[in-house]
Amino acid sequence: MEFLNALVALSNYVLIPAVAYGSQLALGALGVTLIYGILRFSNFAHGDTMAFGAMVTILFTWLFQSWGISIAPLPTALLALPFGILATAALLLFTDRVVYKFYRKQKAAPVILVIVSMGVMFIMNGLVRFIIGPGDQRFADGARFIFKARDFKEWSGLNEGLAFKTSQGITIVTAIVVVAALFWFLNKTRTGKSMRAFSDNEDLALLSGINPEKVVMYVWLIIAALTTIAGVLYGLDKTFKPFTYFQLLLPIFASAIVGGLGNPIGAIAGGFVIAFSEVTITYAWKKILVYLMPDSLDPSGLVQLLSTDYKYAVSFAILIIVLLFRPTGLFKGKSI
Amino acid sequence: MTVNWKNIGLFALVAVLIILVGIFQSPNAALVILNMGLISAIMSLGVNLQWGFAGLFNIGVMGFVALGGLATVLISKPPTTDAIQAGGLGILIALVLGAATIIATILMRSKMAAGRSRSIATLALLVVGFFIYRWLLDPSVEAVEAVTPAATGYLGGLGLPVLLAWPVGGVLAAGAAWIIGKTALGLRSDYLAIATLGIAEIIVAIMKNEDWLTRGVKNVIGIPRPAPVVPYEIDLQNSASFVENASSLGLDPVMASTLYVKLGYSLLFTIVLLMILWLTQKALNSPWGRMMRAIRDNEVAAEAMGKDVTARHLQIFILGSAVCGIAGAMMATLDGQLIPSSYQPLRYTFLVWVMVIVGGSGNNWGAVLGGFLIWFLWVEVEPMGTLLMQLITSPMADGYWLKAHLLDSVAHMRLLTMGLILLLVLRFSPRGLIPEK
Chain A
1457 MEFLNALVAL SNYVLIPAVA YGSQLALGAL GVTLIYGILR FSNFAHGDTM AFGAMVTILF
1517 TWLFQSWGIS IAPLPTALLA LPFGILATAA LLLFTDRVVY KFYRKQKAAP VILVIVSMGV
1577 MFIMNGLVRF IIGPGDQRFA DGARFIFKAR DFKEWSGLNE GLAFKTSQGI TIVTAIVVVA
1637 ALFWFLNKTR TGKSMRAFSD NEDLALLSGI NPEKVVMYVW LIIAALTTIA GVLYGLDKTF
1697 KPFTYFQLLL PIFASAIVGG LGNPIGAIAG GFVIAFSEVT ITYAWKKILV YLMPDSLDPS
1757 GLVQLLSTDY KYAVSFAILI IVLLFRPTGL FKGKSI
Chain B
488 MTVNWKNIGL FALVAVLIIL VGIFQSPNAA LVILNMGLIS AIMSLGVNLQ WGFAGLFNIG
548 VMGFVALGGL ATVLISKPPT TDAIQAGGLG ILIALVLGAA TIIATILMRS KMAAGRSRSI
608 ATLALLVVGF FIYRWLLDPS VEAVEAVTPA ATGYLGGLGL PVLLAWPVGG VLAAGAAWII
668 GKTALGLRSD YLAIATLGIA EIIVAIMKNE DWLTRGVKNV IGIPRPAPVV PYEIDLQNSA
728 SFVENASSLG LDPVMASTLY VKLGYSLLFT IVLLMILWLT QKALNSPWGR MMRAIRDNEV
788 AAEAMGKDVT ARHLQIFILG SAVCGIAGAM MATLDGQLIP SSYQPLRYTF LVWVMVIVGG
848 SGNNWGAVLG GFLIWFLWVE VEPMGTLLMQ LITSPMADGY WLKAHLLDSV AHMRLLTMGL
908 ILLLVLRFSP RGLIPEK
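These protein sequence lines are chains A and B, in that order.
At position 24 of the first sequence the residue is numbered 1480 (our numbering), and the sequence of numbers has no breaks.
At position 379 of the second sequence the residue is numbered 866 (our numbering), and the sequence of numbers has no breaks.
None of these hints come from the bench; they were simulated from the model.
All C-beta atoms, glycine included, are put in the ideal place defined by N, C-alpha and C.
Some clues are possibly wrong.
As the list claims (entries may be wrong) - Covered stretches of chain A, as calculated for chain B (at least 3 residues, CB under 8 Å): (1) 1566-1577; (2) 1701-1714; (3) 1770-1778.
Claimed, not checked - Beta-carbon label-pair distances, calculated as ranges: (4) B/Gly602 with A/Leu1471: 31 to 39 Å; (5) B/Phe617 with A/Phe1558: 47 to 55 Å; (6) A/Val1759 with B/Arg596: 24 to 32 Å; (7) A/Ile1777 with B/Trp775: 29 to 37 Å.
Based on the provided sequences and hints, a complete structural model is requested.
Right under this line is the structure:
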């Protein structure tokens, strides 16, 4: 009984949140890693692209809500998602045409592209704040829980409840679908294969007649879908605030690098490594230890290794450890 | 040497812009821009050292600036005696032990042969060290934070003159730069970027959460001024001679005292800026500066010539960060307070980058110009944006939602404008306003 209680508490406070957060990070890191693999630069505007996609989706959600359209018990945001992706795709293709294309033609050094992406980041950040404001926005609706902690307690007779939020369920399911679709696209379709060829060896790909501009266009379309979905899922699960999305840049990059930059499977693994470390290290373990330890050994403090405010420190520490001991990441990414 | 009228003209333009603010807004506003412009120019010189001289991509400027701010608190605030008695020793022992754990781990790793036993020993040492550290630290921290939390609740500082904090801020930033440089330099440039971004977030997180050190979100106010150069307004207003002098100039004593205080800061900041500018110019034109640029332009060739690329990178990374730290300490002195939550990466990291790129990376005068010009724009875009928006919205009816929204959003025009300026300069004048020779 004690053990089951501990297990339920562990799932409720650690496993489920970490899996949901890990899925969001994995989607973000996949985007970063694709841009790195094919366009060959670290895109600092990624977090703000996520914010932009989420913002458009939120605006459409509000519009649908005002029209009374809903797909309850699912959140209306899912219905608005395609519009968010379309708008983000338009923005990204426009950005590529007016900004990045010039440097690509010039074959500019990657670090110049990074600085350029910093400029894009400023503009997108400004745009999002300009349109929706810098504050918190709520847009989640529909059923809040798939099952509630109280129902679970009654059903199982345990002391601990297990809650499963709709947003967490949607996050996990969507992430699986998106990742499966992406891998199918990269491995099975002609365009996907040409993208991988372009990533592996640009010159050889060009020689075999792959149109680079088409590859680049597909990358941005995929990025638009990935960022918008990741942004909306994060917003549904936690909250939408433009600045939070900017801050997500660090765990996302950490995920991509830990997994191996340029390697999609690595990005997913990295996302979960970072998410699980963040959640386990900043969680107060007292609740679970009380069940597991004999009464005489019950911990007096919270048994929290680090306060939650230091979650970025955790992703950073893992990043540094990986950089020091395995610079190409857990899965082999591009070498340094 | 020919006179470079273009560069003189650019600096004159910035001077005229600031003077125009003095005429149309108020002399006070002009001095506020000037003072922050001086500090921005110093930050920009620091980043220029790293990026312009050596091509190092540091986007953790905010962290080094924040460390400078921390230095002003640690140096100039009076010590909280009760708090030090309550937990000062405990905290000190815990910190020493924490550092000792890390040093012991590094030493042990260099002694033992690589393999599973070394990994296990490393992990064990770190985990045990961490728990002992927390076990020692937590009670002391609680004791310190319990001491009159509304007014102090932190250890305080050393109670020394605040001017001393400026070099100390540089030293703190240099220390952090050494740690980060040791780990991330020598890897690809993107990794250094992410590592610096991370360390900056962590430094600010520590300052926000470790109340015993910085009072966290409760902020430290009342950082002493660098007397006697910068006195307090109220003392000036009470001094008969000052009031007399002010009225002989036809100024109201209140106004005169605020201007006098700001001019005092301007004087100090100008001295520091000129010193750092002189040093960086000397460095740029020395064999050392030429070596740095050679390394930047072709690392492989420089290495083949026997230059220790990683060591030189570490050196200039530390120097540049120290300059940012000095600027951070000066800024906290100017504000007279330390507000950890005010350190925002867009404002303190990326804006400084815009300054360097727009001014001209690799050219110290360019960095200084960029510092002034971009700071001026950062401040003045808002009133200009308000005017623009009023113009755009004037045909709309009052109370129309779009009009209200547009007028409310003017504050966010800044980021848009800065991004646009950065992209335009990168595209059409990638070497900046005053290019490298």
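The hints, checked one at a time:
Only residues whose C-beta sits within less than 8 Å of a C-beta in chain B count toward coverage, and the stretch 1566-1577 of chain A has 10 of them, enough to reach three; the restraint holds. Under the rule that three or more residues need a Cβ within less than 8 Å of chain B, the assignment of the stretch 1701-1714 of chain A holds, with 7 such residues. For the stretch 1770-1778 of chain A, the stated coverage by chain B is satisfied: 4 residues place a CB nearer than 8 Å to a CB of that chain, which reaches the threshold of 3. Between B/Gly602 and A/Leu1471 the Cβ separation comes to about 33 Å, which falls inside the hinted range of 31 to 39 Å.
About 49 Å separates the C-beta atoms of B/Phe617 and A/Phe1558, a value consistent with the hinted range of 47 to 55 Å. A hinted range of 24 to 32 Å for the beta carbons of A/Val1759 and B/Arg596 is consistent with their spacing of about 28 Å. For the pair A/Ile1777 and B/Trp775, the beta carbons lie near 34 Å from each other, so the given range of 29 to 37 Å is met.
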